[in-house]
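Trainee: Given chain C's structure and the hints, the job is docking chains Y, L and W onto it.
Heads up: the sequence lines are chains C, Y, L and W, in that order.
Be aware that the first sequence starts at 1, since it is given in our numbering, and climbs by one per residue.
Be aware that the second sequence starts at 1001, since it is given in our numbering, and climbs by one per residue.
Be aware that the third sequence starts at 2001, since it is given in our numbering, and climbs by one per residue.
Be aware that the fourth sequence starts at 3001, since it is given in our numbering, and climbs by one per residue.
FYI, nobody ran anything at the bench for these hints, they're computed from the structure.
All clues stand as given, with none of them false.
Listed next, the stretches of chain C that the computed footprint assigns to chain L, with coverage defined by at least 3 CB atoms under 8 angstroms from CB atoms of chain L:
#, region
1, 72-86
2, 131-137
Over the 12 angstroms line for every Cβ pair with chain Y, so calculated as not near, a few chain C residues:
#, residue
3, 6
4, 30
5, 96
6, 99
7, 110
8, 120
All C-beta atoms in this analysis are idealised placements derived from N, C-alpha and C, irrespective of residue type, glycine included.
Number of protein chains: 4
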Amino acid sequence: MGGSGDIAQELRERVAASPFHTDFGIRIEAAQEGTVHLRWSATAAHRNLQGTVHGGALATLADVAMGLAVRTTVGPGRRHATIELGVHYVRPATPGELAAVGRVVRAGTQIAFAEADVTDDRGRLVARATATYAVTPREGD
Amino acid sequence: MGGSGDIAQELRERVAASPFHTDFGIRIEAAQEGTVHLRWSATAAHRNLQGTVHGGALATLADVAMGLAVRTTVGPGRRHATIELGVHYVRPATPGELAAVGRVVRAGTQIAFAEADVTDDRGRLVARATATYAVTPREGD
Amino acid sequence: MGGSGDIAQELRERVAASPFHTDFGIRIEAAQEGTVHLRWSATAAHRNLQGTVHGGALATLADVAMGLAVRTTVGPGRRHATIELGVHYVRPATPGELAAVGRVVRAGTQIAFAEADVTDDRGRLVARATATYAVTPREGD
Amino acid sequence: MGGSGDIAQELRERVAASPFHTDFGIRIEAAQEGTVHLRWSATAAHRNLQGTVHGGALATLADVAMGLAVRTTVGPGRRHATIELGVHYVRPATPGELAAVGRVVRAGTQIAFAEADVTDDRGRLVARATATYAVTPREGD
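For reference, chain C alone in the conformation it holds in the complex (with noise of 0.2 angstroms):
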């Protein structure tokens, strides 16, 4: 009871309840516990004055995508907060479709790790990213 599809349907309702997720675009690809596949569009919007996609724009795809996945494995009384955030650039990338792919390195009571890779349409890696959530029970449950 409670599949992959279930998961990805889940986070899918979650991303679509916030502003934020909503107006950065990404797209939930497949989802399972402590892994999540998304999708982003890098626009001419997103480019830095040296026309590469903004180095803040793949710390968000990032990190949404490590939050997703810490989601997925945080229960539903729980919620998490990223405490530290690092990224690695390690290839320029130029507007165009992005992938990113957030996974569980750790998930304590207190503490989860997560990192993420970013990469091109070509497959390359574009980014690698790690970070460090607090878990912390829900108030007022």
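Mentor: What follows is chains Y, L and W alone, placed relative to chain C:
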């Protein structure tokens, strides 16, 4: 011959020419060699599901502040690119006015280090960031 | 009743009881709530193949400075553990006297953030570090 | 003609010439271009006050693994220096045998990125690290 007002004005023109920066909506309050002060309005559209400003937006703000600070120390014949970005989310931020100060820690001929503080409208630290930049001769120069 | 001299003395006793700290050889110069000043002698034994102080030794120095700073803000019934450490190597260091200042950026009930500067005997910044700590009730208390 | 055994042997000779590496006590198990496998014995001397292996020692182990991996991809006429190191402490480690695998993520002409996993003798992930290196022509060459 090149006071701090000129530096701020030059950065404003630079930012006005960048689709990403214009869309994100920062305002350059002041700038001198090695330091840039920004303002940014976090709106309802930047909220995550928990109602606080999304970490990706804060990472973007910090990256922009640091990148512009590095820009003030890199000569016109050279370009800089973020190779690594780290953000600590010290305190949740709610929509409203945020300030970011980007500072160059050290700018060498090949590598530059910078840091940024993001504070809310009560002056409380919201995020602290560090970044590393590759500095290279501008292609074609 | 608990001035800064007492804090430094308490940390010195703590450090004296730790095999790792004793072996590494730091000296606590001063300490107050949230800030700790250390001295450490980098010797020929800490050199890497390029003759400069190994990054692992500088990471250790910074981590010790930050951990002790966090210790000054965490009550006796609680423990702290590093969950994330980041170091920027701003300038190569050669063997000699180094100073490290660890500072708490924010200490919450579950998470603490700290930063450290490492400087050489000419006062030049050698490394800058940040870290995140999990703060938990001491087991058995 | 330069098989992986030669690479491991070359690294062993290199490490034997470095006071820091010799003192720290790593053993090179295997190496090929871009990847290095190490073993390291954490002893009672590496314990912090909580009885677990100090984060500085784990940071050193990870940095050594990544630096040697970068070394395998950088030609003899070039040198590399760590400019940034990040470590996530995923699980406490107790004294005993630890393994570290350093891998090059991307090695460019000026910048190299690497990552490392540290695991305990039960194969559990203890720490995960990332680092950035500046690659420069060797002085005097």
